[in-house]
Structures are given as structure tokens and as C-alpha cells.
Amino acid sequence: MRCSASSRGSWKPRAKAVRSRLPELERRRSQQSLVRRFFECIDAGDFGVLLDFYAPGFIDHAPTYPGLAEGTEGVGQAFTMSLAAFSDVRHVIDDQIASGDRVVTRMTASGTHIGDFRGIAGTGRSVSMEGIAIHRIADGKIRRALGPQRPPRVAAADGRRLASKAPGAGLRRLAGDALCSKP
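Here my numbering runs 32 ahead of the position in the sequence shown, where the first position is 1.
Since the hints were derived computationally from the structure, they do not count as laboratory data.
It is possible that part of the hints are untrue.
Straight-line alpha carbon distances no greater than 20 Å define the calculated EDC-like cross-link-like pairs of lysine to aspartate or glutamate that follow [said to hold, decoys possible]:
no.	residue 1	residue 2
1	173	84
2	173	58
3	173	120
Restraint-style ranges between C-beta atoms, simulated for each label pair [stated by the list, open to error]:
no.	residue 1	residue 2	range
4	58	142	20 to 26 Å
5	54	98	26 to 32 Å
6	134	157	32 to 38 Å
We put the CB at the ideal spot given by N, CA and C, even for glycine.
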């Protein structure tokens, strides 16, 4: 017997099933677009607009600079510090998936290290990092975020390297993290 996709001819989707999924598909596209625009604003250095992407009570589960204020106040401080540390920042979205209220983005970020970053003075070197960011979306705004767990590999002039967590250390704990539980 020969293998075939269907013994009754070509397969056609049922119109009712396709129509019932359209709102879900549009919601996913809208969430993905929100996160893509967010990264585009970072690349443009338009930090004033960035705070508009966040919902009231925003929680950052993996801040770039530990010890800053919580919520959007801390995010604003982190953006200001990042702008002073890196120039010509670019994010390339390698993969992006939306499911439920979450958008998972695998990306590569790059820039030039021009100022202090976690105690290492600017080197003028190009740096890049790969990472996964998970954004939880509510009412068209970013409600929670878990950013890349490994900061860019930045080396000081004397050869010191910025310490980073083990690969995936932060992602291993996601199953029990507040990001994955309902509010």
C-alpha cells in the first residue's frame, strides 16, 4: 500500500475551524509586533517612548543592573546606564514565538562598549550577546519580563572579564518562577 496524505483527495481546512482561530492568531501577531517595536525603540535610543510599553506594576525578573529601583523606575535607570555604556546597539530577532500571554524571543544584540558596564570601563570594542527574552503581555502592554541571563562578554583592558551566570541558569528556574504562574 502506498502512503498518501489523504485517501479522499487533497486536504482542505474547514472554514469554521479557520475562522474560529483568527482572533487568537491576530492576538499573537499583535503581541509579537509589540515586542519587536520595543526592541526597535531600544535600537533607536528612544528611551522616553520605551516606558510607554510597560503596564502599571511592571516586574522585571532579571534586571540588567541588579540593585536598581523596581518597576519602570528601575527600567528607566537601566536604559540610561546602558545608553552610557554602549553605542550603536542593534537587536536581531532570530526566532519569536507567542503563546497565551507570553512572547518568547531569541535574539542577538550587539553594540560598541564605550562606557562603564558593571565596573568595566569602556573599551571601544564591539560586543555581542545571544539571549532569550520572555515578555508577558496584558492589555497590550509588557507586564513582566525575564531578559537574557548572560550579559555581553565584556573584557577590561587588563584582561578581567565580567562574570556571567552559567548558560541557562536563569531559564532552569522558570518552571517555578512567578513569570510562569498566573497573577
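Against the structure, the hints:
no.	hint	verdict
1	173 to 84	holds, 8 Å
2	173 to 58	holds, 16 Å
3	173 to 120	violated, 26 Å
4	58 to 142: 20 to 26 Å	violated, 32 Å
5	54 to 98: 26 to 32 Å	violated, 42 Å
6	134 to 157: 32 to 38 Å	holds, 34 Å
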